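So for the sequence shown, full-length UniProt numbering puts the first residue at 1; every next one is plus one.
Please keep in mind that the hints were generated in silico from the structure rather than gathered at the bench. The model shown is predicted, which means the values in this text are computed figures rather than measured ones. Treat the hints with care, as some may be off.
Stated by the list, open to error - For each label pair, taking beta carbons as the anchor points, the in silico distance ranges come out as:
| hint | residue 1 | residue 2 | range |
| --- | --- | --- | --- |
| 1 | Gln73 | Lys8 | 18 to 26 Å |
| 2 | Asn13 | Ser94 | 47 to 55 Å |
| 3 | Gln4 | Leu60 | 34 to 42 Å |
| 4 | Gln17 | Ser119 | 40 to 48 Å |
| 5 | Thr126 | Gln17 | 16 to 24 Å |
| 6 | Gln73 | Thr126 | 34 to 42 Å |
| 7 | Gly83 | Thr19 | 51 to 59 Å |
| 8 | Gln4 | Leu122 | 46 to 54 Å |
| 9 | Thr19 | His78 | 20 to 28 Å |
| 10 | Thr22 | Leu60 | 18 to 26 Å |
| 11 | Leu60 | Arg88 | 22 to 30 Å |
| 12 | His43 | Pro113 | 18 to 26 Å |
| 13 | Ala5 | Leu102 | 25 to 33 Å |
| 14 | Ser123 | Pro99 | 14 to 22 Å |
What the hints assert, rightly or not - 25 Å max Cα-Cα, derived SDA-like pairs, lysine to any residue:
| hint | residue 1 | residue 2 |
| --- | --- | --- |
| 15 | Lys116 | Asn20 |
| 16 | Lys116 | Thr126 |
| 17 | Lys116 | Arg88 |
| 18 | Lys116 | Ala129 |
| 19 | Lys63 | Ile101 |
| 20 | Lys65 | Asp44 |
| 21 | Lys65 | Leu102 |
| 22 | Lys116 | Gly34 |
| 23 | Lys65 | Thr126 |
| 24 | Lys63 | His78 |
| 25 | Lys8 | Gly35 |
| 26 | Lys65 | Gly35 |
| 27 | Lys65 | Lys8 |
| 28 | Lys63 | Ser94 |
| 29 | Lys116 | Leu102 |
| 30 | Lys63 | Leu18 |
| 31 | Lys63 | Asp44 |
| 32 | Lys116 | Thr19 |
| 33 | Lys65 | Pro42 |
| 34 | Lys63 | Pro40 |
| 35 | Lys65 | Ala31 |
| 36 | Lys116 | Thr55 |
| 37 | Lys116 | Leu45 |
| 38 | Lys65 | Leu97 |
| 39 | Lys63 | Gln73 |
| 40 | Lys116 | Asp44 |
From the three backbone atoms N, C-alpha and C, an ideal C-beta is built for every residue, glycine too.
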Amino acid sequence: MTIQATWKPSQGNSICQLTNGTAEWQADLDASAGGDTRYPNPHDLLDSALAACTTLTLQLYAKRKGYAVTDIQVSVAHEEANGTYTMRREVRVSGDLSPQILEDLLRVANRCPVHKTLSGQLSIQTSIA
């Protein structure tokens with residue numbers, strides 16, 4: 001899948017349009033750079049990818065295992081210092097769940113595809129078209 005981001009000066013703002021070919025969304029600069037806070041900034045999108053992937057992975061796994069999960073909430077915050085981007089993820093799972101099931105869900109959270117991508121070796125190749 002390819003994500004396409006588009007911006008044109010005629011828009012009169014810094015908001016870029018994003019699409020994957022079927023869904024569309026928007027992003028803007030961070031508020032400190034003059035962006036509109038009604039739109040996620042690129043770091044919000046990165047953090048939300050981890051939060052969404054974790055939530056969806058846990059949802060599928062819990063259903064498959066028959067765990068009595070009533071609610072899943074995943075929060076991701078980040079900080080940047082000395083060239084390191086640190087993401088802090090907090091997973092809250094509600095339901096009639098034993099400590100062993102919660103431990104199993106934590107293991108699965110750490111294996112969601114976005115977590116594996118972000119914590120593995122990442123390479124970005126850029127070209128001008």
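Against the structure, the hints:
no., hint, result
1, Gln73 x Lys8: 18 to 26 Å, "violated (37 Å)"
2, Asn13 x Ser94: 47 to 55 Å, "violated (40 Å)"
3, Gln4 x Leu60: 34 to 42 Å, "violated (28 Å)"
4, Gln17 x Ser119: 40 to 48 Å, "violated (30 Å)"
5, Thr126 x Gln17: 16 to 24 Å, "holds (20 Å)"
6, Gln73 x Thr126: 34 to 42 Å, "holds (36 Å)"
7, Gly83 x Thr19: 51 to 59 Å, "violated (32 Å)"
8, Gln4 x Leu122: 46 to 54 Å, "violated (21 Å)"
9, Thr19 x His78: 20 to 28 Å, "holds (25 Å)"
10, Thr22 x Leu60: 18 to 26 Å, "holds (21 Å)"
11, Leu60 x Arg88: 22 to 30 Å, "holds (24 Å)"
12, His43 x Pro113: 18 to 26 Å, "holds (20 Å)"
13, Ala5 x Leu102: 25 to 33 Å, "violated (38 Å)"
14, Ser123 x Pro99: 14 to 22 Å, "violated (39 Å)"
15, Lys116 x Asn20, "holds (21 Å)"
16, Lys116 x Thr126, "holds (22 Å)"
17, Lys116 x Arg88, "holds (15 Å)"
18, Lys116 x Ala129, "violated (30 Å)"
19, Lys63 x Ile101, "holds (13 Å)"
20, Lys65 x Asp44, "violated (31 Å)"
21, Lys65 x Leu102, "holds (12 Å)"
22, Lys116 x Gly34, "violated (33 Å)"
23, Lys65 x Thr126, "violated (41 Å)"
24, Lys63 x His78, "violated (29 Å)"
25, Lys8 x Gly35, "holds (15 Å)"
26, Lys65 x Gly35, "violated (43 Å)"
27, Lys65 x Lys8, "violated (48 Å)"
28, Lys63 x Ser94, "holds (14 Å)"
29, Lys116 x Leu102, "holds (20 Å)"
30, Lys63 x Leu18, "violated (32 Å)"
31, Lys63 x Asp44, "violated (28 Å)"
32, Lys116 x Thr19, "holds (24 Å)"
33, Lys65 x Pro42, "violated (35 Å)"
34, Lys63 x Pro40, "violated (30 Å)"
35, Lys65 x Ala31, "violated (42 Å)"
36, Lys116 x Thr55, "holds (14 Å)"
37, Lys116 x Leu45, "holds (17 Å)"
38, Lys65 x Leu97, "holds (12 Å)"
39, Lys63 x Gln73, "holds (16 Å)"
40, Lys116 x Asp44, "holds (19 Å)"
The structure shown violates the earlier hints numbered 1, 2, 3, 4, 7, 8, 13, 14, 18, 20, 22, 23, 24, 26, 27, 30, 31, 33, 34, 35.
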